[in-house]
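When we follow the working numbering, the leftmost residue of the sequence shown carries the number 1, and every step to the right adds one.
Wrong hints could be hidden among the right ones.
Said to hold, decoys possible - Listed next, with one range per pair, are the computed distances between beta-carbon atoms: (1) Gly54 with Arg16: 52 to 60 Å; (2) Arg17 with Gly54: 50 to 58 Å; (3) Val36 with Gly57: 24 to 32 Å; (4) Val34 with Pro55: 24 to 32 Å; (5) Gly54 with Pro32: 30 to 38 Å; (6) Val34 with Gly60: 45 to 53 Å; (7) Leu20 with Gly57: 27 to 35 Å; (8) Gly14 with Tyr53: 49 to 57 Å; (9) Ile51 with Pro13: 29 to 37 Å; (10) Pro58 with Leu26: 44 to 52 Å.
Worth flagging that the hints you see were computed from the coordinates, not collected in a lab.
Backbone N, C-alpha and C define an ideal beta-carbon position, used for all residues, glycine too.
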Amino acid sequence: MAAPSAPSSVAGPGRRRRELITFFVLAFGIWPIVAVGVVGGYGFLVWMFQILYGPPGPPGH
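Generate coordinates for the entire structure from the input sequences, incorporating the hints supplied.
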């Protein structure tokens, strides 16, 4: 049987830096783009729905 390896919680000095870079890329790069895309996509769906079925509210005379 093989000896147990070192615990994975022990990280080298480069791991913290890579995790920080990954965090900043996600927090300030990827997620804002995803958020704008989701909100824009929702707005586009509402716009297309209103083009097909008319604006919300009581029916016109």
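Each hint, compared with the structure:
1. Gly54 with Arg16: 52 to 60 Å: holds, 56 Å
2. Arg17 with Gly54: 50 to 58 Å: holds, 55 Å
3. Val36 with Gly57: 24 to 32 Å: At roughly 29 Å between Cβ atoms, Gly57 and Val36 fall inside 24 to 32 Å, so the hint holds.
4. Val34 with Pro55: 24 to 32 Å: holds, 29 Å
5. Gly54 with Pro32: 30 to 38 Å: Holds: the Cβ-Cβ distance is about 34 Å, inside 30 to 38 Å.
6. Val34 with Gly60: 45 to 53 Å: violated, 38 Å
7. Leu20 with Gly57: 27 to 35 Å: For Leu20 and Gly57 the Cβ distance comes to about 50 Å; the hint is violated.
8. Gly14 with Tyr53: 49 to 57 Å: holds, 56 Å
9. Ile51 with Pro13: 29 to 37 Å: violated, 57 Å
10. Pro58 with Leu26: 44 to 52 Å: For Pro58 and Leu26 the Cβ distance comes to about 45 Å; the hint holds.
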